[in-house]
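With these hints in hand, go ahead and build the complete structure from the sequences.
Going down the list, the protein sequences come from chains X and B.
Taking the numbering used here, the leading residue of the first sequence gets 1, the next gets one more, and so forth.
Taking the numbering used here, the leading residue of the second sequence gets 1001, the next gets one more, and so forth.
Some hints here could point you the wrong way.
[Stated by the list, open to error] Heads up, simulated DSS-like pairs for lysine-lysine below, C-alpha to C-alpha not over 25 angstroms straight-line: (1) X:K135 - X:K108; (2) B:K1135 - B:K1145; (3) X:K108 - B:K1190; (4) B:K1108 - X:K190; (5) B:K1066 - B:K1089; (6) B:K1190 - X:K152; (7) B:K1190 - B:K1089; (8) X:K190 - B:K1190; (9) X:K3 - X:K89; (10) B:K1108 - B:K1089; (11) B:K1152 - B:K1108; (12) B:K1003 - B:K1089; (13) X:K95 - X:K25; (14) B:K1135 - X:K190; (15) B:K1135 - B:K1003.
[Unchecked claim] Partial pick of chain X residues on the chain B-facing surface, computed with a CB cut under 10 angstroms: (16) E175; (17) E176; (18) R185.
What the hints contain is simulated information worked out from the structure, not anything from laboratory work.
Note that this is a predicted model, so its numbers are computed, not measured.
Glycine residues also receive a C-beta, built at the ideal position from the N, C-alpha and C atoms.
There are 2 protein chains.
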Amino acid sequence: MSKGTLFILTGPSGAGKDTVLSRLKEINDNVFLSVSATTRQPREGENHGEHYYFIERDMFEDMITKGEFLEYAEYVGNYYGTPCAPVDKMLSEGKDVILKIEIVGAMKVKEQRPDAVSVFIVPPSFEVLESRLRKRGTDDEETIKKRLIRAKEEYLMAPEFDYIIINDSVESAVEELCAIIMAQRCRSDKRYVSV
Amino acid sequence: MSKGTLFILTGPSGAGKDTVLSRLKEINDNVFLSVSATTRQPREGENHGEHYYFIERDMFEDMITKGEFLEYAEYVGNYYGTPCAPVDKMLSEGKDVILKIEIVGAMKVKEQRPDAVSVFIVPPSFEVLESRLRKRGTDDEETIKKRLIRAKEEYLMAPEFDYIIINDSVESAVEELCAIIMAQRCRSDKRYVSV
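Printed below as a string of structure tokens:
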């Protein structure tokens, strides 16, 4: 059996990565989401192995030393990272895996796994991004302004990735993501043809 | 505007290229088929510019000299070829073009146009191919046997192409072809992202 493909899904904050992924999961039970590890405490309703792998700081640092992360970062005093083992297990079983990750992490994974397929998702315009960030209501005015400046810088990274999805509607964005996944399965190095 | 993509559709005789293409045309009016040129006489019901460009031998040879074909071949005393001009006009207008062609021609086009996307379509098995060739009823026993031997040789060429579609049902084959076309439109070098 051919190995599965690792898809890296990235893009500026507010581009709609989570909405697209949750819709994808509803209609396509043939792809698997990678679960991150973190040293932060679980919040209410968060389950180990589903939302995150919750692990101790010592263990996380031990795993870093052993090179067992595809990427990791420290953020507000906690580690966050993508353990290689569960991803590689699924890939070797022929499953396609989607790793949702911010842009710097995406670049790190792409470097380690050049055969991964990277997808950069963007909102249709900065006006739409701004209105989405405001509607979300989680950020104050200054944070929104900072996020927008950051998003414009991040936009310039788009050509570094294999595919660009413009999230003007969830349905069309999911359709394009499904097409990218299906096309990848048709690649001649993924299909075994016997005579 | 970004340029369109040239898709080369090839595969052994009996793989179902024509069936897949005619179904694709029904559901996807966003791709255009390349029309071949030939020096043979038009048959009843064949229209110039639709089924073929019917041109004189002198003119065909003149076009060969000027390098105006993506590929050409002589078959039973007549020339057949793909003129560059109509294909390039559509591509420059941002249209995607599909060129259906036998395998040797496909290799020639791929050599001239390395940015073309090549798709190799195969029947699910040789048993199915054999039964399709028999059902078609156009060939005698010896010809069918020759076609099968040829098809097995051609199968070995599959890994040379970008994508492989296994035509076990017309619907799934068309779905995969549509996915390949849609994914190609999402490639970062085809999508213009403005800040």
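How the hints compare with the structure:
1. For the suggested pair K135 (chain X) and K108 (chain X), the alpha carbons sit about 31 angstroms apart, so the restraint of at most 25 angstroms is broken.
2. With a C-alpha separation of about 14 angstroms, the suggested pairing of K1135 (chain B) with K1145 (chain B) holds against the 25 angstroms cut-off.
3. Of the supplied pair hints, the one linking K108 (chain X) and K1190 (chain B) holds, its CA atoms being roughly 24 angstroms apart against a limit of 25 angstroms.
4. For a cut-off of 25 angstroms, the pair hint linking K1108 (chain B) to K190 (chain X) stands: about 24 angstroms separates their Cα positions.
5. For a cut-off of 25 angstroms, the pair hint linking K1066 (chain B) to K1089 (chain B) stands: about 18 angstroms separates their Cα positions.
6. Between K1190 (chain B) and K152 (chain X) the CA atoms are separated by roughly 20 angstroms; this keeps the pair inside 25 angstroms, and the hint holds.
7. A C-alpha spacing of about 17 angstroms is found between K1190 (chain B) and K1089 (chain B), which places the hinted pair at or below 25 angstroms, so the restraint holds.
8. Restraint check for K190 (chain X) and K1190 (chain B): the C-alpha separation of about 23 angstroms stays at or below 25 angstroms, so the hint holds.
9. Between K3 (chain X) and K89 (chain X) the alpha-carbon distance is near 10 angstroms, which keeps this suggested pair within the 25 angstroms criterion.
10. Taken as a hint, the K1108 (chain B) and K1089 (chain B) pair is honoured in the structure, with Cα atoms around 20 angstroms apart against an allowance of 25 angstroms.
11. Note on K1152 (chain B) and K1108 (chain B): the hinted pairing holds, with a Cα-Cα distance of about 20 angstroms set against a maximum of 25 angstroms.
12. The suggested pairing of K1003 (chain B) with K1089 (chain B) holds, with an alpha-carbon distance near 10 angstroms, which does not exceed 25 angstroms.
13. Between K95 (chain X) and K25 (chain X) the alpha-carbon distance is near 14 angstroms, which keeps this suggested pair within the 25 angstroms criterion.
14. As the CA atoms of K1135 (chain B) and K190 (chain X) are separated by approximately 31 angstroms, the hinted pair breaks the 25 angstroms bound.
15. With a C-alpha separation of about 41 angstroms, the suggested pair K1135 (chain B) and K1003 (chain B) falls outside the 25 angstroms cut-off, and the hint is violated.
16. Interface restraint check: E175 (chain X) against chain B, minimum CB-CB distance 7 angstroms, threshold 10 angstroms, status holds.
17. Interface restraint check for E176 (chain X): the shortest CB-CB distance to chain B comes to about 5 angstroms, inside 10 angstroms, so the restraint holds.
18. Look at R185 (chain X): its Cβ gets to within about 8 angstroms of chain B, closer than 10 angstroms, so that hint holds up.
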